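A.B. asks: If you want the building blocks of each chain, they are given just below.
Number of protein chains: 2
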Amino acid sequence: MTFNPVLDGLKNYEAGKPIELVVRDYGIAPQDVIKLASNENPRGCSLGVLAAMQQESTRAHLYPDDSMYELKDGLASRFGVKKENVIIGAGSDQVIGFALHAKANPNQAILMAGVTFAMYEIYGKQTGATILKTPSKMHNLEDFKQMLATHKGAIGVLFLCLPNNPLGEALDADEVKLFLREVDPNILVVVDGAYQEYASYKDQTKALDPRALIEEFPNVLYLGTFSKAYGLGGMRCGYGIGEAGLIHTLHKLRPPFNITTLSLKAGIEALKDEGFVARCMEENFSEMKRYEAEARALGFDFIESYTNFITLEFPEGKIASKIAQSLLEKGIIIRDLSAYGMNAVRVTIGTPEQNSRFFENFKRVYC
Amino acid sequence: MTFNPVLDGLKNYEAGKPIELVVRDYGIAPQDVIKLASNENPRGCSLGVLAAMQQESTRAHLYPDDSMYELKDGLASRFGVKKENVIIGAGSDQVIGFALHAKANPNQAILMAGVTFAMYEIYGKQTGATILKTPSKMHNLEDFKQMLATHKGAIGVLFLCLPNNPLGEALDADEVKLFLREVDPNILVVVDGAYQEYASYKDQTKALDPRALIEEFPNVLYLGTFSKAYGLGGMRCGYGIGEAGLIHTLHKLRPPFNITTLSLKAGIEALKDEGFVARCMEENFSEMKRYEAEARALGFDFIESYTNFITLEFPEGKIASKIAQSLLEKGIIIRDLSAYGMNAVRVTIGTPEQNSRFFENFKRVYC
Chain A
1 MTFNPVLDGL KNYEAGKPIE LVVRDYGIAP QDVIKLASNE NPRGCSLGVL
51 AAMQQESTRA HLYPDDSMYE LKDGLASRFG VKKENVIIGA GSDQVIGFAL
101 HAKANPNQAI LMAGVTFAMY EIYGKQTGAT ILKTPSKMHN LEDFKQMLAT
151 HKGAIGVLFL CLPNNPLGEA LDADEVKLFL REVDPNILVV VDGAYQEYAS
201 YKDQTKALDP RALIEEFPNV LYLGTFSKAY GLGGMRCGYG IGEAGLIHTL
251 HKLRPPFNIT TLSLKAGIEA LKDEGFVARC MEENFSEMKR YEAEARALGF
301 DFIESYTNFI TLEFPEGKIA SKIAQSLLEK GIIIRDLSAY GMNAVRVTIG
351 TPEQNSRFFE NFKRVYC
Chain B
1 MTFNPVLDGL KNYEAGKPIE LVVRDYGIAP QDVIKLASNE NPRGCSLGVL
51 AAMQQESTRA HLYPDDSMYE LKDGLASRFG VKKENVIIGA GSDQVIGFAL
101 HAKANPNQAI LMAGVTFAMY EIYGKQTGAT ILKTPSKMHN LEDFKQMLAT
151 HKGAIGVLFL CLPNNPLGEA LDADEVKLFL REVDPNILVV VDGAYQEYAS
201 YKDQTKALDP RALIEEFPNV LYLGTFSKAY GLGGMRCGYG IGEAGLIHTL
251 HKLRPPFNIT TLSLKAGIEA LKDEGFVARC MEENFSEMKR YEAEARALGF
301 DFIESYTNFI TLEFPEGKIA SKIAQSLLEK GIIIRDLSAY GMNAVRVTIG
351 TPEQNSRFFE NFKRVYC
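If you're matching them up, the sequences are chains A and B in order. Counting from 1, one number per residue, gives the positions in the first sequence under UniProt numbering. Counting from 1, one number per residue, gives the positions in the second sequence under UniProt numbering.
Worth flagging that the hints you see were computed from the coordinates, not collected in a lab. None of the values given here were measured: they were computed from a predicted structure. Hints are supplied without guarantee of correctness; some may be wrong.
One copy or two, either will do: identical chains are not told apart, so a pair holds if it fits within one copy or between any two.
When the alpha-carbon atoms are kept at most 20 Å apart in a straight line, the in silico SDA-like pairs for lysine to any residue are as follows [as the list claims (entries may be wrong)]:
#, residue 1, residue 2
1, Lys-11, Asp-65
2, Lys-83, Arg-24
3, Lys-330, Glu-20
4, Lys-82, Arg-24
5, Lys-133, Ser-338
6, Lys-145, Thr-130
7, Lys-11, Ser-67
8, Lys-125, Phe-3
9, Lys-133, Leu-148
10, Lys-289, Glu-313
11, Lys-11, Ala-244
12, Lys-125, Pro-5
13, Lys-152, Phe-179
14, Lys-83, Tyr-13
15, Lys-11, Pro-256
16, Lys-363, Phe-300
17, Lys-125, Asn-4
18, Lys-125, Asn-105
19, Lys-125, Val-6
20, Lys-152, Asn-107
21, Lys-11, Glu-243
22, Lys-125, Pro-256
23, Lys-82, Asp-209
24, Lys-137, Phe-314
25, Lys-83, Asp-25
26, Lys-125, Pro-106
27, Lys-82, Asn-12
28, Lys-152, Asn-4
The shape of chain A in the complex, shown without the other chains:
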């Protein structure tokens, strides 16, 4: 059978190894596996959200309220926008998909940082658009400007991942605003704030305000998620915030019932417990200091991170992929960044106990 030619250029996505796979492949007991590979919140979700999900399980046979009224309302209140400015996705990933399918096509290009969230490229290729990356791995706005000038009129969508996954850097909100003023208003700019709760906790100058962004820039789509700070990665619930006309257009591509009944409930409840998020942020950055100290002690680099992970860069002679593999065999899953042309690994900040076990094993493998 023949398929659409755009599929020829697509590969199957390789997700981080789940605990189940390590249990199967290395015969390690599930309770002995530590997963620091997917930037999940090691504290899980808040107890209120857990209780709400367990209760809502008795309603799992019912489709969710497809208007997602209550969740949109909660997000609108949180960000000082209207419900008409909000779209819900199965993870913010799905909203990336809506944005790309709405705007990108084989005659256009999509611009992003040199090393950034893999889904931009994966979904981007599905539209047949050309993928352009800045020479700098991290977000460098001068690079972005240069690329915009070089490819004037050809770029349909531009991604800013702030803070950036998988590297962890962030930009100042002020410089982002100045940059956006220079971008052609017919370019859809996706500002991915999946880790904004972390960045704004650590450094207010990195905090992006979705309301201010979309009020000034109708071509900006801000993304947020319940997967990280709220500890609901497994529930696939994220959102986009943008000017009402943009959001209306994206809704045309949204499949009905695109999140589960339990995810909807979890999102609604999660917004009610900001204390939980604050406690997670505090522990995250206090534990991150241990990683930074470890790197200094062992003499390798790390990227200053505004997220719940840290990217460790190794000197010549130490091979990231081998280190990651050795740790995997000990039941510790981290993310090898070799495929990004870096001799580096990305490690999710775990609980204090998980991090201690990481350090203990890492030293053995590294030294």
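Given the structure of chain A, go ahead and fit chain B onto it with the hints provided.
C.D. replies: Only chain B this time, still in chain A's reference frame:
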């Protein structure tokens, strides 16, 4: 901002009214609302699945095993196929999306029955393909053959919804096989078996065997779901079964982590409790007889149904949309089929108590 022109032809999907909306709009207490509009299993899911979801809620922060090993394994065993023949979707809806985006394009047409599952057309239009429907509302294979002959070479995807939603009719498995032998093997035939558990319980001659289908027809994609017989509509979990090469291609369009951690667990557990499904089927068809008797007593038509719903067709002078609206105001949600050019409503078979309340109110509204 300009968007891709294909969006101009797209409308936002109007889902059946959720209980939440009726509570909001008519001030009826949630426990007094009966939803017989979305073909949900009124018995919910099995108790084993419920317990598994509640336990798995403590793992909601973890992304699911993206290989979906255990669920694919369970489905492969159930249907006597290999894991490589299985793809998992966020509801079988999502697999419909993969199939259409893989195969359909603006130069092609998509063929389906006159009145059938709305998502075929909704996803189909996203690809820019032309939508073709048979003159017959119900599945009529002679009609399909005629359309195939008329549009020879132009049809990329053909949908058979067996049994058909929203009408409820089914075709004999033997006639389906004979028909498929006449279809150009470069046409992707999607055989949507979302209600097959019901059809095969009621009448074995309507039972489709996915294994036999995909062995003889590499161009057939069989769809199944946990939303109906398994009572997990709110968990968004379905699957496609097809020849390994076809399934590999569809995986290129599957977003990672496309179902939730809890949905994955629910699907795995659901396959272990077939007794639950059998009890639901028994009650469903015993209760359906009450609807048939009611229709005969009040003197209107119904379509013989192989599903968990029944389509009631009213004579002139009785207006389906008014009947549906009057019931809605009494807290009973059913589906008005006027938009399909029919003076009919679709009613999901509820529990005995729900059905009794339906009859009681329906009589007042109808007579």
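A.B. asks: Tell me, which hint numbers fail for this structure?
C.D. replies: The structure breaks none of the hints.
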